[in-house]
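Trainee: One-letter residues, chain by chain:
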Amino acid sequence: MSRRFVEPSILPGFSLTFGFTVFYLSLIVLIPLSMLFFKTASLSPREFWEILTATRTLAAYRLSFGTAFASAGINAVFGVIIAWALVRYSFPGKRIIDALVDFPLALPTAVAGIALTELYAPNGSVGRYLALAGIKGAFTPLGITIALTFVGLPFVVRTVEPVLEELDPQLEEAAASLGASRWYTIKKVIFPVIAPAVLTGFTLAFARAVGEYGSVIFIAGNMPMKTEIAPLLIMTKLEQYDYAGATTIAIGMLLISFFFLAAANFFQWQLSRKYGKV
Amino acid sequence: MLLKKLYSFTAAVLVGLTLVAPASAAEKVTLLNVSYDPTRELYQAFNKSFADYWYKKTGTAVEVNQSHGGSGKQGRAVIDGLQADVVTLALAYDIDAIAQKTNLLPKNWQTRLSNNSTPYTSTIVFLVRKGNPKGIKDWNDLIKPGVVVITPNPKTSGGARWNYLAAWGYALKHGNNDEAKAKEFLSALFKNVPVLDTGARGSTTTFVERKIGDVLLAWENEAYLVVNQLGKGEYEIVTPSLSILAEPPVALVDRNVDRHGTRQVAQAYLEYLYTEEGQEIAAQNYYRPRLESVAKKHEAQFAKLEFITIDGDFGGWQKAQQKHFADKGTFDEIYQVNQ
Amino acid sequence: MSVRTEPRSIRILIITVAVAFFALFLVLPLVCVFQNAFSKGLTFYVKTLQHPDALAAMRMTVITALVAVPLNLVFGVAASWLIAKFDFKGKDILLSLIDLPLSVSPVISGLVFILLFGAQGLLGEWLGDRNIQIVFAPPGIILATIFVTFPMVARELIPVMKAQGNEEEEAALTLGASGWRTFWLVTIPNIRWGILYGIILCNARAMGEFGAVSVVSGHIRGLTNTLPLHVEILYNEYQFAAAFAAASVLALLAIVTLVAKTAVEGMMRREH
Chain A
3 MSRRFVEPSI LPGFSLTFGF TVFYLSLIVL IPLSMLFFKT ASLSPREFWE ILTATRTLAA
63 YRLSFGTAFA SAGINAVFGV IIAWALVRYS FPGKRIIDAL VDFPLALPTA VAGIALTELY
123 APNGSVGRYL ALAGIKGAFT PLGITIALTF VGLPFVVRTV EPVLEELDPQ LEEAAASLGA
183 SRWYTIKKVI FPVIAPAVLT GFTLAFARAV GEYGSVIFIA GNMPMKTEIA PLLIMTKLEQ
243 YDYAGATTIA IGMLLISFFF LAAANFFQWQ LSRKYGKV
Chain B
71 MLLKKLYSFT AAVLVGLTLV APASAAEKVT LLNVSYDPTR ELYQAFNKSF ADYWYKKTGT
131 AVEVNQSHGG SGKQGRAVID GLQADVVTLA LAYDIDAIAQ KTNLLPKNWQ TRLSNNSTPY
191 TSTIVFLVRK GNPKGIKDWN DLIKPGVVVI TPNPKTSGGA RWNYLAAWGY ALKHGNNDEA
251 KAKEFLSALF KNVPVLDTGA RGSTTTFVER KIGDVLLAWE NEAYLVVNQL GKGEYEIVTP
311 SLSILAEPPV ALVDRNVDRH GTRQVAQAYL EYLYTEEGQE IAAQNYYRPR LESVAKKHEA
371 QFAKLEFITI DGDFGGWQKA QQKHFADKGT FDEIYQVNQ
Chain C
72 MSVRTEPRSI RILIITVAVA FFALFLVLPL VCVFQNAFSK GLTFYVKTLQ HPDALAAMRM
132 TVITALVAVP LNLVFGVAAS WLIAKFDFKG KDILLSLIDL PLSVSPVISG LVFILLFGAQ
192 GLLGEWLGDR NIQIVFAPPG IILATIFVTF PMVARELIPV MKAQGNEEEE AALTLGASGW
252 RTFWLVTIPN IRWGILYGII LCNARAMGEF GAVSVVSGHI RGLTNTLPLH VEILYNEYQF
312 AAAFAAASVL ALLAIVTLVA KTAVEGMMRR EH
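Protein chains in written order, with my numbering: chain A, 3 to 280; chain B, 71 to 409; chain C, 72 to 343.
No wet-lab data here; the hints were simulated from the structure.
Quick caveat, the model's predicted, so the values are computed rather than measured.
Cβ coordinates follow ideal geometry from the N, Cα and C atoms, glycine included.
Mixed in with the good hints, there may be bad ones.
Stated by the list, open to error - Distance windows between CB atoms, simulated:
# : chain 1 : residue 1 : chain 2 : residue 2 : range
1 : A       : N125      : B       : Q371      : 29 to 39 Å
2 : A       : N125      : C       : I83       : 31 to 41 Å
3 : C       : T87       : A       : S127      : 13 to 23 Å
4 : B       : V218      : A       : S127      : 17 to 27 Å
5 : B       : N246      : A       : S127      : 46 to 56 Å
6 : B       : K200      : A       : I33       : 27 to 37 Å
7 : C       : R82       : B       : K302      : 47 to 57 Å
As the list claims (entries may be wrong) - Here are the computed lysine-lysine pairs in the DSBU-like style, where the Cα-Cα straight-line distance is at most 35 Å:
#  : chain 1 : residue 1 : chain 2 : residue 2
8  : A       : K138      : B       : K366
9  : B       : K204      : B       : K281
10 : B       : K200      : A       : K138
What the hints assert, rightly or not - To give an idea of the chain B side of the interface with chain A (calculated C-beta under 10 Å), a few residues:
#  : residue
11 : R146
12 : F395
13 : D397
Whole structure, please, built from the sequences with the hints as guidance.
Mentor: Below, the structure is given as structure tokens:
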């Protein structure tokens, strides 16, 4: 292992891209975000800890992260299936589906929330049938998960799709000619290649879902302790002109998210190293 | 190189936009009225009337831009630099907050215009579905099991705070001023609330569009708007025996008008609210007018009921906010109990 | 039958699952939007969109995207080159930091700019003295949008560039091509799909962003409203059909961009 900062490479542009990346990152993201910490500095560590561990805050965190995790999981499974169907098969309406995948990103989240509430509310066109089955869609954690699944849907599809497309056909052909079954090929040849992308997509969907506000607020019901998401708690604090409290909850969210992202990135690194693609 | 060029180009665009923003045409005066949610229709009509009046009087055209949102959110935006010439919010508490946290306007702002700087008032009433199937007549009907009540979240909505305080006032009056009993009453009431929207307009949508709930606690003017415009013949207004006199205040934002050079027209704008024309527009939009002559004319429209007031019964907004809606206030306690 | 596919029954199963999931989560909401948008007829629809406030909101939305997308594109290419082509210390951390804006709640993304540029903010006084308005004005909206869409292009490009490997660039460099030439002639053609996807995602998100922009906009009708905010305003005025009409423009916009993307793809393929 080299102790150098950067591994030597014949490719140019390290200092340029590194400099620019760090500069832009600081300007747009880090400096503004540091304001959160700046603002919380007015609290004593004890006050900070008290806000962070209040039962209401914890319930909101649990709800936000739990529903985000569930929705990202749903998206990981169905996203791969959709990407696979789009890349590998041809069927009527495929082009339309491909074009529509990005729809949740383009639709303002508030509109998504309104539309989904309209659909999944007890008198909505889907909610009506759910109600018959004794399931409450809107105004429950299930409703929140539905909204989050909607907003996170494009991520897995869009990260897996290009990787599947770029996949060298020779790999599969070679595996098949060596006598591997189709399932074995998928498991041992294709999956390792797309796994990092799936993980990326999962992480993106998860991260996006955790902080989602606009679409959730309509469908959640916003009952304290039950369906009150963490971003709403932040809004509540702001409403009381309590900037320090709001930024405290925000920092809590940020740290947990960052931990998740770092873990995912690390895991992904391991994956691509293990399968030695590059 | 290329990156740098692109970057400086966009930076230039950004700076350009910054400079464009404050520039305004000389012959036309622009005002910004930062208001809360349910006043949209009121100020749409009022701004037109005021523009006519001002043009006739001075020969200058005046354009009033509107910004609407939750009252607390709007107050915060002004604190953080939204360039409001006048604020017309749901609660004095929110304008107090502006005065306390900034030097945009003096702390005694509420004494500068008559009637506590509230040119119109409103109250909290019940909106029920046609025929009032659950037979809701007064506050105590709201805590009956099986009655579904819709109200926004008092933590995020100004209107919801008026709802809460009106219910509290009723409970105190009918419970020998026993606060523990009042808390129980509110707790029972909120057990019947399935959805807490963040704003008054959200609650109305839940009640009207999603068809959830038997009764909506609403501003009187909002209730009329629903009955007369949104769902004609589908809803009825029930006026409880007692409610709260909701006083939405207005104020000039001194520092901003001085910076914009709009003090004169902004002041006239607020004063016009108190004139016969202004009061008439308020009444037409279902706000209770202050002016005797206009109030007489619209007497039939507004039911008579017993009012409690924020200053008389709750010791002002500062105290009410601290006691009921701040963290660990009575509203939070209710939800710890309901757990 | 090629070795690169599955038995017919499995194919049909996968397609059915994909389409069903898709219908439930995407098509239904889309239908809901358009159904509501046209519920009062075409004339009403057109009238809603020709309203000066609606036009102003569209203009604001387009300006925002025109500034945010190119900036994030340049950043995305630089960052993915850095991440995919080099091994250096702290790369994991850098990667996580790049993702950070995605996991920051939109509410917070707006709030931080208020804390920085607002009247009570760190730079508030300085800006106030110079009469520079950042938040509650277009620059704030643009900044918040850049923040929210920050990683969109980078995140698309990094996996693609990684999958590409370094061999081709290394070969080009060994054969004496300059760094820039290698970048333009070898790397860019290889990652053009990723770039396109990235631009499309970034643009769509930039135009559709609601939460963050809502915090910094100030909601002044006709001045600081973007299209998504205009939708909310209309909705809050109980003009449901009009709100969905405005929303359908954003939906249409997305669809048009995606159609354009398909066309560009076709052209590029023919070129080869």
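Trainee: Can you verify the interface hint for R146/B: is its Cβ closer than 10 Å to any Cβ in chain A?
Mentor: holds, 6 Å
Trainee: Against chain A, run the beta carbon of F395/B and see if the smallest gap drops under 10 Å.
Mentor: Holds, about 7 Å.
Trainee: Could you check the hint for me, namely that N125/A and I83/C are 31 to 41 Å apart, CB to CB?
Mentor: holds, 35 Å
Trainee: Is the hinted pair K138/A and K366/B satisfied, with a Cα-Cα distance of at most 35 Å?
Mentor: violated, 49 Å
Trainee: Does the alpha-carbon distance linking K200/B and K138/A stay inside the 35 Å limit?
Mentor: holds, 26 Å
Trainee: Do the beta carbons of V218/B and S127/A sit within 17 to 27 Å of each other?
Mentor: holds, 22 Å
Trainee: In this structure, is the beta-carbon distance linking K200/B and I33/A contained in 27 to 37 Å?
Mentor: Roughly 57 Å apart at Cβ, these two residues miss the hinted range, so it is violated.
Trainee: Given D397/B as an interface hint, is the shortest Cβ-Cβ distance to chain A below 10 Å?
Mentor: holds, 7 Å
Trainee: Take a quick look at whether K204/B and K281/B sit within 35 Å of each other, Cα to Cα.
Mentor: holds, 15 Å
Trainee: Given the hint of 29 to 39 Å, is the C-beta distance from N125/A to Q371/B inside that range or not?
Mentor: holds, 32 Å
Trainee: Lying within 47 to 57 Å: is that true of the beta-carbon distance R82/C to K302/B?
Mentor: holds, 54 Å
Trainee: Taking 46 to 56 Å as the stated bounds, is the beta-carbon spacing between N246/B and S127/A within them?
Mentor: holds, 50 Å
Checked against the numbered hints above, the structure breaks hints 6, 8 and satisfies the rest.
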